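Number of protein chains: 2
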Amino acid sequence: MVKVVLDCFGGDNSPGANVEAAVKALENNKELYIILTGDEANLKAELENKKFDENRLEIIHAPEIIGCDEKPTDAIRQKKNSSMIAAIDRLRTDDTVAGMVSVGSTGALIAAATLRVGRLEGVMRPAFCPVLPTMNGGVIGICDSGATVDCSAEMMHQFAIMGSVYMESAFGVKNPRVGLLNVGAEEEKGDKLRRELYPVLKAEKNINFTGNMEGRDLLSGKFDLVVCDAFSGNVLVKSTEGACLEMLKMLKKNIYSNWKYKLGAALQKKMFTHIKDFMNYQNYGGSVMLGTRKTVVKGHGSSNAKAIQVCIEQVCRAENAKMNEKISTLLCNKE
Amino acid sequence: MVKVVLDCFGGDNSPGANVEAAVKALENNKELYIILTGDEANLKAELENKKFDENRLEIIHAPEIIGCDEKPTDAIRQKKNSSMIAAIDRLRTDDTVAGMVSVGSTGALIAAATLRVGRLEGVMRPAFCPVLPTMNGGVIGICDSGATVDCSAEMMHQFAIMGSVYMESAFGVKNPRVGLLNVGAEEEKGDKLRRELYPVLKAEKNINFTGNMEGRDLLSGKFDLVVCDAFSGNVLVKSTEGACLEMLKMLKKNIYSNWKYKLGAALQKKMFTHIKDFMNYQNYGGSVMLGTRKTVVKGHGSSNAKAIQVCIEQVCRAENAKMNEKISTLLCNKE
Numbered sequence: 264m265v266k267v268v269l270d271c272f273g274g275d276n277s278p279g280a281n282v283e284a285a286v287k288a289l290e291n292n293k294e295l296y297i298i299l300t301g302d303e304a305n306l307k308a309e310l311e312n313k314k315f316d317e318n319r320l321e322i323i324h325a326p327e328i329i330g331c332d333e334k335p336t337d338a339i340r341q342k343k344n345s346s347m348i349a350a351i352d353r354l355r356t357d358d359t360v361a362g363m364v365s366v367g368s369t370g371a372l373i374a375a376a377t378l379r380v381g382r383l384e385g386v387m388r389p390a391f392c393p394v395l396p397t398m399n400g401g402v403i404g405i406c407d408s409g410a411t412v413d414c415s416a417e418m419m420h421q422f423a424i425m426g427s428v429y430m431e432s433a434f435g436v437k438n439p440r441v442g443l444l445n446v447g448a449e450e451e452k453g454d455k456l457r458r459e460l461y462p463v464l465k466a467e468k469n470i471n472f473t474g475n476m477e478g479r480d481l482l483s484g485k486f487d488l489v490v491c492d493a494f495s496g497n498v499l500v501k502s503t504e505g506a507c508l509e510m511l512k513m514l515k516k517n518i519y520s521n522w523k524y525k526l527g528a529a530l531q532k533k534m535f536t537h538i539k540d541f542m543n544y545q546n547y548g549g550s551v552m553l554g555t556r557k558t559v560v561k562g563h564g565s566s567n568a569k570a571i572q573v574c575i576e577q578v579c580r581a582e583n584a585k586m587n588e589k590i591s592t593l594l595c596n597k598e
Numbered sequence: 264m265v266k267v268v269l270d271c272f273g274g275d276n277s278p279g280a281n282v283e284a285a286v287k288a289l290e291n292n293k294e295l296y297i298i299l300t301g302d303e304a305n306l307k308a309e310l311e312n313k314k315f316d317e318n319r320l321e322i323i324h325a326p327e328i329i330g331c332d333e334k335p336t337d338a339i340r341q342k343k344n345s346s347m348i349a350a351i352d353r354l355r356t357d358d359t360v361a362g363m364v365s366v367g368s369t370g371a372l373i374a375a376a377t378l379r380v381g382r383l384e385g386v387m388r389p390a391f392c393p394v395l396p397t398m399n400g401g402v403i404g405i406c407d408s409g410a411t412v413d414c415s416a417e418m419m420h421q422f423a424i425m426g427s428v429y430m431e432s433a434f435g436v437k438n439p440r441v442g443l444l445n446v447g448a449e450e451e452k453g454d455k456l457r458r459e460l461y462p463v464l465k466a467e468k469n470i471n472f473t474g475n476m477e478g479r480d481l482l483s484g485k486f487d488l489v490v491c492d493a494f495s496g497n498v499l500v501k502s503t504e505g506a507c508l509e510m511l512k513m514l515k516k517n518i519y520s521n522w523k524y525k526l527g528a529a530l531q532k533k534m535f536t537h538i539k540d541f542m543n544y545q546n547y548g549g550s551v552m553l554g555t556r557k558t559v560v561k562g563h564g565s566s567n568a569k570a571i572q573v574c575i576e577q578v579c580r581a582e583n584a585k586m587n588e589k590i591s592t593l594l595c596n597k598e
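So the protein lines, in turn, are chains A and B.
For this note's numbering, count along the first sequence from 1 and bump the result up by 263.
For this note's numbering, count along the second sequence from 1 and bump the result up by 263.
Derived from the structure by calculation, the hints contain no laboratory data.
A portion of the hints provided could be inaccurate.
Copies of the same chain are indistinguishable here, so a pair counts whether it falls within one copy or spans any two.
[Claimed, not checked] With a cut-off of at most 25 Å between alpha-carbon atoms, the simulated DSS-like pairs for lysine-lysine come out as follows:
1) Lys342 with Lys307
2) Lys307 with Lys569
3) Lys485 with Lys512
4) Lys334 with Lys516
5) Lys452 with Lys342
Fair warning: this is a prediction, and the values are worked out from it, not measured in the lab.
Produce the entire structure from the sequences given, and follow the hints as far as they go.
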């Protein structure tokens, strides 16, 4: 039995999408047990008329909600009775629980997971690892992209190992190709941190290090994982997403400027649906905290039920693949 | 008279495009004097049958060429008789020369400009500042994006001032809106460096600081200049460019997969030309080295004559606006 806590509030479609996702996930995975956190009356109302195995669903009443505009450290201190903190607390105190999923505030979740769930043995700092689709139909993990902005080479060495185990455990990527985010392809490129880290990664036998990766190669499909500090990782992800969205906006604006272009677009309607679908990272699962004692998955705030279900199943896959045990073994043997 | 040295080799269309650009620029700017560097016989052959004022054109014979795949520091030491180093040397030794333009190796040019041309009084480190078009029809400068990967807050404080003077001098942007590249909008976000720098920029009266900028906002038109260390600046620029190119590639691939999509694209042909033209950063001028004693402009390696001409005129505008004097005055008064 894999037990997962699901924070049911804080997303654009919460709690409806969260509850629907839980019911679907329970139906698809007979070995799954889900604990919902949030306002109980609200959750019960959402569950009404839905069929599910009552022996594998539990509710923790926690009526407060952490908003995305709240300062993370204040929120997790002050809103002890929020759906997110209730989920984190259950995760922390119940050894039988494998992980949790939330679509709430990213900052609060990273802070709460780091401060309250604790680290796996051997881990210096946790890392936050989203995945993006690549142009050849694969995915790439970006590790770290949110947890540790001030990094040492040692920490990033660990990110490379944790990220590799994750890409293999959760996405079945064999021998993931690891790139180091840098300003050029050559070994001697980069700042002090990167020049210190490069030979360390090159010598590391537990990863498949394939050299430096430049920002322009993120979506190319040449890498399965990119190692970075959370500062440049955040820049990498946000500027890539931003540029894709601006391109689509520009296309749309241009298409609407002229009837001929509109007619052309009408012929391409299916194509644009396909492209949007391809770019929709909800289809690829949430971002995972690596290095915490339990698996914490953050889904996008705008996630629908399908996307949240993918996040729940991500926890199951990581658990079944014994991801955290593998990470801890590899990192403890290093010391 | 504004004197500009033009390195005539090292680009994809060199020396033809370079020579053509020089002739056009001389024709358009009667106060311009150009010094071409490169293989003399080759340059003379390109000049044959072209009309130009011989009193305002000079050739320095320097037959070697620095390739883009050469290690910058080795190249500038070993290829003393290359078109790029000859240009740098003329710039260094001739006080009447205002600046230079090159479309050769970016790494070699940054290294040579930093090591040989020297810094303006008051400048701690030079910065490399490209510009990109924004979606509302403006441009944004990225400072630093190539010269100084290991930065202090003091250096980046200077980048903000130099970049502001540049955007005003070369692009006529009044009171440029300066953003600090960071992982979130709030003041307390970021790594140690950014948290130290934010209050310094906020207190700086000589710039129009408008807060943090996230990677996704680069093309939005909300900022005229973004301040960053060269490491994250490089990630920002390359990932934005990479994502735009990958999007276009994906569109193309999809369009060619089906006759209906192809037909649609035929109706949109003019639109795609317009979009490509808009995205073509050659139209917006080259990247400039800020903080060096003379103005050094780097055009894209694939520049055509028109793009190189824009770079030459960029030097003229910076000179006429007394950009370097302004930078030096502002930075010296700080100390």
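Hint by hint, which ones does this structure get wrong, listed from lowest number up? 4
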